[in-house]
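Residues per chain are reported as follows:
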Amino acid sequence: MSITAIAQNLKAPEVLPSYAPADDEVMIFEHAYRNCLPVLIKGPTGCGKTRFVEYMAARLGLALHTVSCHDDLSASDLVGRHLVNASGTYWTDGPLTRAVRHGGICYLDEVVEARKDTTVVLHALSDDRRILPIDRTGETLEAPAEFMLVVSYNPGYQHLLKGLKPSTRQRFVSLAFGFPEPAREIDIVISETGVDHTIAKHLVTLANALRSTADHDLEEAPGTRLIVDAAKLIATGCPPQTACRAAIVECLSDEPEITKALMVVVNAIFAHS
Amino acid sequence: MEEQVGIAWHRLINRLATRRYPDEAVALSGISTPVGILFRALGGDHGVAIQAGGSILNHAKRSLLERLAGSERKVELACVDHQALQLPAVIDSFPTQRLNNELYLWLAALSATSLPPQQTWLARNQNATRLIIQRFPGMAAIYRRLVAAEILRRGPINRLPPDEAQQEQAIRDALREPGSISVLPHARRAHQPILLWLRPDILTNASLPPQKNKDQASRESSTTQSDKKRRMAEYTEMPERKGGLLLFRPESIFSWSEYAKIEHEAQENEDEDLAQAADDLDTISITRDSRNIAKKLSMSLDLPKAASALPPLNDGKMLPEWDYKTRTLKPDQCRVNTIPLTDIEPCALPEHLKRDQQRLKRQFGALQPVRQRLKGQPEGNDIDIDAYIRHISHQNETENRFYLDHRNRERDLSCLLLADLSLSTEAWVGDNQRVIDVIRESLFLFAETLTTTLDKFALYGFSSKQRTDVRFHTLKAFDEPYSDIVRGRINGISPAYYTRMGAAIRKATETLARQKTRERLLLLLTDGKPNDADHYEGRYGIEDTRKALIEARQQGLRPFCVTVDQEAHEYLPHIFGKSNFIIIRKPSELPARLPLLYALITR
Numbered sequence: 001m002s003i004t005a006i007a008q009n010l011k012a013p014e015v016l017p018s019y020a021p022a023d024d025e026v027m028i029f030e031h032a033y034r035n036c037l038p039v040l041i042k043g044p045t046g047c048g049k050t051r052f053v054e055y056m057a058a059r060l061g062l063a064l065h066t067v068s069c070h071d072d073l074s075a076s077d078l079v080g081r082h083l084v085n086a087s088g089t090y091w092t093d094g095p096l097t098r099a100v101r102h103g104g105i106c107y108l109d110e111v112v113e114a115r116k117d118t119t120v121v122l123h124a125l126s127d128d129r130r131i132l133p134i135d136r137t138g139e140t141l142e143a144p145a146e147f148m149l150v151v152s153y154n155p156g157y158q159h160l161l162k163g164l165k166p167s168t169r170q171r172f173v174s175l176a177f178g179f180p181e182p183a184r185e186i187d188i189v190i191s192e193t194g195v196d197h198t199i200a201k202h203l204v205t206l207a208n209a210l211r212s213t214a215d216h217d218l219e220e221a222p223g224t225r226l227i228v229d230a231a232k233l234i235a236t237g238c239p240p241q242t243a244c245r246a247a248i249v250e251c252l253s254d255e256p257e258i259t260k261a262l263m264v265v266v267n268a269i270f271a272h273s
Numbered sequence: 001m002e003e004q005v006g007i008a009w010h011r012l013i014n015r016l017a018t019r020r021y022p023d024e025a026v027a028l029s030g031i032s033t034p035v036g037i038l039f040r041a042l043g044g045d046h047g048v049a050i051q052a053g054g055s056i057l058n059h060a061k062r063s064l065l066e067r068l069a070g071s072e073r074k075v076e077l078a079c080v081d082h083q084a085l086q087l088p089a090v091i092d093s094f095p096t097q098r099l100n101n102e103l104y105l106w107l108a109a110l111s112a113t114s115l116p117p118q119q120t121w122l123a124r125n126q127n128a129t130r131l132i133i134q135r136f137p138g139m140a141a142i143y144r145r146l147v148a149a150e151i152l153r154r155g156p157i158n159r160l161p162p163d164e165a166q167q168e169q170a171i172r173d174a175l176r177e178p179g180s181i182s183v184l185p186h187a188r189r190a191h192q193p194i195l196l197w198l199r200p201d202i203l204t205n206a207s208l209p210p211q212k213n214k215d216q217a218s219r220e221s222s223t224t225q226s227d228k229k230r231r232m233a234e235y236t237e238m239p240e241r242k243g244g245l246l247l248f249r250p251e252s253i254f255s256w257s258e259y260a261k262i263e264h265e266a267q268e269n270e271d272e273d274l275a276q277a278a279d280d281l282d283t284i285s286i287t288r289d290s291r292n293i294a295k296k297l298s299m300s301l302d303l304p305k306a307a308s309a310l311p312p313l314n315d316g317k318m319l320p321e322w323d324y325k326t327r328t329l330k331p332d333q334c335r336v337n338t339i340p341l342t343d344i345e346p347c348a349l350p351e352h353l354k355r356d357q358q359r360l361k362r363q364f365g366a367l368q369p370v371r372q373r374l375k376g377q378p379e380g381n382d383i384d385i386d387a388y389i390r391h392i393s394h395q396n397e398t399e400n401r402f403y404l405d406h407r408n409r410e411r412d413l414s415c416l417l418l419a420d421l422s423l424s425t426e427a428w429v430g431d432n433q434r435v436i437d438v439i440r441e442s443l444f445l446f447a448e449t450l451t452t453t454l455d456k457f458a459l460y461g462f463s464s465k466q467r468t469d470v471r472f473h474t475l476k477a478f479d480e481p482y483s484d485i486v487r488g489r490i491n492g493i494s495p496a497y498y499t500r501m502g503a504a505i506r507k508a509t510e511t512l513a514r515q516k517t518r519e520r521l522l523l524l525l526t527d528g529k530p531n532d533a534d535h536y537e538g539r540y541g542i543e544d545t546r547k548a549l550i551e552a553r554q555q556g557l558r559p560f561c562v563t564v565d566q567e568a569h570e571y572l573p574h575i576f577g578k579s580n581f582i583i584i585r586k587p588s589e590l591p592a593r594l595p596l597l598y599a600l601i602t603r
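If you read the sequences in order, they're chains A and B. Numbered as in the working numbering, the first sequence ends at 273 without a single skipped number. Numbered as in the working numbering, the second sequence ends at 603 without a single skipped number.
Hints in this document: simulated from the structure, not taken from any laboratory. Be a bit skeptical, because a hint or two may be false.
[Stated by the list, open to error] No more than 25 Å apart at the CA atoms, straight line, and that leaves these computed lysine-lysine pairs for PhoX-like:
hint : chain 1 : residue 1 : chain 2 : residue 2
1    : A       : Lys116    : B       : Lys456
2    : A       : Lys260    : A       : Lys201
3    : B       : Lys578    : A       : Lys260
[Unchecked claim] Stretches of chain B that chain A covers, calculated by requiring three or more beta carbons in the stretch to come under 8 Å of a beta carbon on chain A:
hint : stretch
4    : 38-48
5    : 132-144
For clarity, every value in this text was computed on a predicted model and none was experimentally measured. We treat Cβ as the ideally placed atom computed from N, Cα and C, and that holds for glycine.
Okay, chain A solo, but in the shape it has when bound (with noise of 0.2 Å):
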């Protein structure tokens, strides 16, 4: 896989994307970039997490480098290496690396899934020494005060065994997210989608049921995502039902049998026109 296809250079956004704060995050999170600290945001499936990122790199006027972590991403995805072409080798910056040169925020989205060996090259970059050392080239290269490191993660139990290790947890300021207040959530999905108050209600309040299905009957709770998708579908003509079924509970299970029982909460919810 080449870099560019893991890596998503943004330029700063002119017009800041929209996010409604549910707490001090955003305080917090300043306050973290001007005390050089490295920031670690935990919470569920869609909650709001990049755009949270995406909304504070375009408050701060912060070029973005997302990368999305999986579980074969190693240590050289993120610093960069050598290639070869018809002349001989050259080296390419990875992410990570681009970031800690010329400034910016470098987001690792799902940092539990990389392989281990990034952890080490991670460490150094997120304690005081803010370096990062590419052992290929034979550099050290310094980390900037515009460079921040933001790593996500969910904490989900079923990855526990994926979690992170102490000793790199303790080195990150953390914000934890949760799913908005449904107040909030309803004016998400109207600001996003542009459907009335009453749909945005219904959907928030079959999220917030479906919600409390999880772990028992689902793996994982919907997220605000998933609504907002579903809300999408309805703002374009798609009747309630037909975009919950789509859009939330075909997203939520495979099994027929849950499946259905899951319609039955969602037709409790949206009265047949």
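Since chain A is already given, all that's left is putting chain B on it; use the hints.
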């Protein structure tokens, strides 16, 4: 001839009398999944089991035909407590399947709605209804249809005497406009049961009479009959009388409800008779005596729980226990005795398992840690010359994978297998095997497999006799080689007593947490839910086990449960979590499937 006439009469009168629609019936067993999910989604407690509930007596006036047919004497109403949501086993009161189906959904929603406990039955039902209608428009539509059907079912109001008509009118108003009626007008006769509402409360705070015999656990094993209806129950004192039938008035079935513990040694089909009689009772009185019917039938009883203020124990290896009612972890609640089983004759692997052993050795040899050479890597110690030549000849700029890499595919894993050795494993599965035999063979083949993969493993078994004696049998410790001595111990396992799962899991967690491997798997092999001969049963045992597993996860262990209990889907999702257990449909397949399962979850 006489009998045939009788049967024909019974059928005729039943058909005439019935206010039910058997062709449109909906059974709980068919829709328990959606009902359960809806109950939990709308706020119901996760630990509450969904069960077919027992009926209560219908005190309302029945028509002459109904009295002739003996029908409608019992009525099934829903109710919920901290143990179970009880719903009718079958609903056929409404003329269409859709309505009967929707009644289940409605009752689930109604039971899921929590209200302050001090409200009266009348206020609770109306307030809960109002809340649901407000919050869930889909349920509101269902409710409107059900109210129309229910009022139609309740028959014309003008045929009733004035006081009853007034009461009936109030009920109908309460159904149509929930919240509008604060007091039900008094009438001499009880009103017809309201199918859309939860059952009026039953007494649950009866005191527990003194216990007479203590050590009776081992006697109550023999047959268990699958009978899942819950029945209302209360404790009463058993009169000290030898001929139990003396008080029995043959003309009245009600007498059954007085003393159901009769001389059961003598009769042949006693269990069936008792099951049938139990259905006819409105309240089963259990005596705290040597052998009782509930144990014999293995049915779930709504027993008022004895207050369990047990003093902590203070000798031996003590473990805490979780009390879900007070939400506290009570220290030093049970004593665990580790039994090493050293005085056992060593033995070899049984002949009939040798073939399986050979097959597993072949299959699982592939899981041994080996050094692998990976081609076409973006980096590595050697150059993959094939890939480089391909690159040069094609002038392909984007191709950059021409290294060879060596990697150890390591399995840094230890596994502790904990087998349930309670008396219930003595039950027969199939013609020539008991559950314990299946577990024994599974242990043999599992051990053979893990010896092949070179994973670290330990085997333990457990049983319990109340909280003072939780037995933790060492079959193979982690630092012990798998030898004929271990095989001898596996061969020697035998069923005993009960299943205090929480304590056994805590003990196993302690042992496994000492292992230094990266992954630590706690595998539980069982045939039923947690229970013991004291207060450790039902919700208490389930919640304690759940708590023990949460503690295990916090220590970084990975618990997984393999069960042969076909009803396990009722409680295991709550205990282990949705994806951390598997139910083996055919117990006899367990020995062969366990190693494959192990491979799957440790991949």
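Hints versus structure:
no.	hint	result
1	Lys116/A - Lys456/B	holds, 22 Å
2	Lys260/A - Lys201/A	holds, 22 Å
3	Lys578/B - Lys260/A	holds, 17 Å
4	38-48	holds (count 6)
5	132-144	holds (count 8)
When the structure is compared with the earlier hints, no violation turns up for any of them.
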